[in-house]
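Position chain B against the provided structure of chain A, taking the given hints into account.
2 protein chains.
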Amino acid sequence: MAKQKKLSLGIDLGGTKIAAGLCRDGEILKKVIFPTHAAAGFDSVISVILGAVEKVVDGHDHKDIAGLGIGSAGQINPVTGEVIYAPNLKWQNAPLGSTLAKALKLKVQVLNDVRAATLAEHRYGNGRDLENFANIFVGTGIGSGFVLNGQLVHGSTNSAGEIGHICMDPEGPVCGCGNKGCLEAYASGTGMENYVKAELKKGRKSLIKELAESKFENVRGPLIGKAAEQGDELALAAIDRVGEYLGLALANIHTLINPEMILLGGGMMALKQYFMPTMLRTMKKHILPVADQGRELVREARFENDAVLLGGAAIFA
Amino acid sequence: MAKQKKLSLGIDLGGTKIAAGLCRDGEILKKVIFPTHAAAGFDSVISVILGAVEKVVDGHDHKDIAGLGIGSAGQINPVTGEVIYAPNLKWQNAPLGSTLAKALKLKVQVLNDVRAATLAEHRYGNGRDLENFANIFVGTGIGSGFVLNGQLVHGSTNSAGEIGHICMDPEGPVCGCGNKGCLEAYASGTGMENYVKAELKKGRKSLIKELAESKFENVRGPLIGKAAEQGDELALAAIDRVGEYLGLALANIHTLINPEMILLGGGMMALKQYFMPTMLRTMKKHILPVADQGRELVREARFENDAVLLGGAAIFA
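So the sequence lines, in the order shown, correspond to chains A and B. Mapping of the first sequence onto my numbering: position 182 corresponds to residue 291, and the numbering continues sequentially without gaps. Mapping of the second sequence onto my numbering: position 233 corresponds to residue 342, and the numbering continues sequentially without gaps.
If we strip away everything but chain A, and leave its shape as in the complex, we get:
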């Protein structure tokens, strides 16, 4: 008889919601989602997590559960389980791992959320057979995780993979981080929206203005996508620009770490039909000729919303 695979718990801790799941071998057996209420402070968030865990454990004996893995927003120390700095939780040096371990009498480990998602792809997803890959998430912001020599790369202060903040042009647009010309300022959802708004301000004609009812706050990714569907020139140019900058950044990642594959995920993938051709063309143009031997360079990540949760659970699977 094959040995039953272990049960483990995974948590996706974000600034707005907390998802908790009881998992076995990459499958979520039970999942709950609660609002984080980060403003209520650390103790309150801990209570929400404990409540969520209780729901999904659902009568299973804690001794049958191998451990709890958390993917959290922010800069994490995976050794101590401390959240060093997480702006959207408003936490600094928060003892997340140890507090939960004590309360639950379980082994607990904490990872940065993008690295947890990367672990999920490595164990159960589209990075399963890869020893060297980058998992890039393009949404409101841009982040990434690397697996090299078969291992997650954390970096010396646990901030490896901040691809959103590589500088594409020192004279480029200002990024949320304060620097100029970061990839995120061009190729994230926010970067794309800002470009469209700037063009509209210059008086450029576009269907987007009409769809947004002339309100700048309505100029969001899905609306730009809708305009692109109708062949709107500004919308298509804005998405194409995302492809250009992503292609250049992916080429540089490829040149630096020589991965088998780059996985791509996040909300921007909703517009993939528009930006992927330009992205791949630009990428191929800039990678080393020896590296481009007609092989598949980029693949979509497997997991969408559950990646972080599954990656947390994977730590103890």
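Read the hints as simulated data drawn from the structure, not as lab findings. Hints may be right or wrong, so weigh each one.
All copies of an identical chain are treated as equivalent in the list; a pair is satisfied when it fits inside any one copy or across any two copies.
Unchecked claim - Derived DSS-like pairs: lysine-lysine, alpha-carbon spacing no greater than 30 Å straight-line:
| hint | residue 1 | residue 2 |
| --- | --- | --- |
| 1 | 289 | 393 |
| 2 | 393 | 199 |
| 3 | 394 | 289 |
| 4 | 289 | 381 |
| 5 | 199 | 394 |
| 6 | 211 | 115 |
| 7 | 114 | 394 |
| 8 | 164 | 139 |
| 9 | 114 | 289 |
| 10 | 289 | 318 |
| 11 | 393 | 318 |
| 12 | 289 | 140 |
| 13 | 214 | 324 |
| 14 | 381 | 115 |
| 15 | 172 | 394 |
| 16 | 394 | 164 |
| 17 | 172 | 393 |
Chain B only, in chain A's frame:
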């Protein structure tokens, strides 16, 4: 009595010369250098290596030697010891490791030369206490090796670390690889020389013209350095430009792999007094604010000419 450290052999195999050394614990006990005569073909180069090994082994019993490690130019398969492609040796799929192992009855391993140098820094040099660092070599070309999680990063096809070919500007100068705007086209010795030549062609006044006796082939790094010493504006601008581009590239490496330190070596270091201040200022301007906490970001590599040889020997030390 402390156990005597093992003897091992290291070889630096380049397109013009072969250096071989008998080493113990990072010290070279005996070293010889022979011309490669690459044009004479694979068998001839093997003979040169065997002769060099014989010289340095110098009466020691082969059974007292733990193995032979080679740092070779080109793309190497470290598992099979094959030189996949080395333009300056004119080799393709050359069975370097197995041929030497058979002839010498020794364990033999082959690494790419920059990675061998990185291993030397990790074991015996300025990367000794580091788990995550980049070792960047700026000379005629620009290459690098990464140690992450305490291990050398090879990449999926053994071409990781090709930092010389990250694209700094898709509309930039043409690089030796055929692409446009590679770091190497700006910040290598060759890139610096090309910039000076282009400015001279435009009629820019400079002491360099006089020092080079109006011959373009004399416009080389040391001569540009001599002009800089005398305060020549073009020479100083050319070196400063190296600092700008290196600073930007180093910032991006820092953002991506979050190393404890970046080591810098190679012929360009002869001009460090001129380019380092600009390089560090540019780097600090572009790394994530959270990453720059006043700590040392860049350190000079320890080994110069012997890095590759020592790295080869380190494989079996």
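Is it within, between, both or neither when you check residue 393 against residue 199 at 30 Å Cα-Cα? between (41 Å within a copy, 26 Å between copies)
How do residue 114 and residue 394 come out at 30 Å by Cα distance, when the copy is not named: within, between, both, or neither? neither (45 Å within a copy, 49 Å between copies)
Status of residue 381 relative to residue 289 across identical chains (alpha carbons, at most 30 Å): both (26 Å within a copy, 27 Å between copies)
If the cut is 30 Å between Cα atoms, do residue 114 and residue 289 qualify within a copy, between copies, both or neither? neither (48 Å within a copy, 52 Å between copies)
Checking an output row: residue 289 and residue 393, CA cutoff 30 Å. Within, between, both or neither? Both: 26 Å inside a copy, 13 Å across copies.
Could you figure out if residue 289 and residue 140 sit no more than 30 Å apart (CA to CA) within one copy, between two copies, both or neither? Neither way: residue 289 and residue 140 sit 40 Å apart in one copy and 50 Å across, limit 30 Å.
Given a CA cutoff of 30 Å, do residue 289 and residue 318 count as a within-copy pair, a between-copy pair, both, or neither? The answer is within: 27 Å in one copy meets 30 Å, while 37 Å across copies does not.
Which holds for residue 172 with residue 393 at a C-alpha limit of 30 Å: within a copy, between copies, both or neither? neither (51 Å within a copy, 49 Å between copies)
Give the relationship of residue 211 and residue 115 under a CA distance limit of 30 Å: within one copy only, between copies only, both, or neither. within (21 Å within a copy, 48 Å between copies)
Tell me, please, which holds for residue 393 and residue 318 at an alpha-carbon limit of 30 Å: within, between, both or neither? For residue 393 and residue 318, neither the intra-copy (34 Å) nor the inter-copy (40 Å) Cα distance is at most 30 Å.
For residue 199 vs residue 394, is the C-alpha pair at or below 30 Å within one copy, between two copies, both, or neither? between (42 Å within a copy, 25 Å between copies)
Classify it for me, residue 172 with residue 394: is the Cα-Cα distance of at most 30 Å met within a copy, between copies, both or neither? Neither, since 54 Å and 51 Å both go past 30 Å.
Hint check: violations occur at hints 7, 9, 11, 12, 13, 14, 15, 16 and 17; the rest are consistent with the structure.
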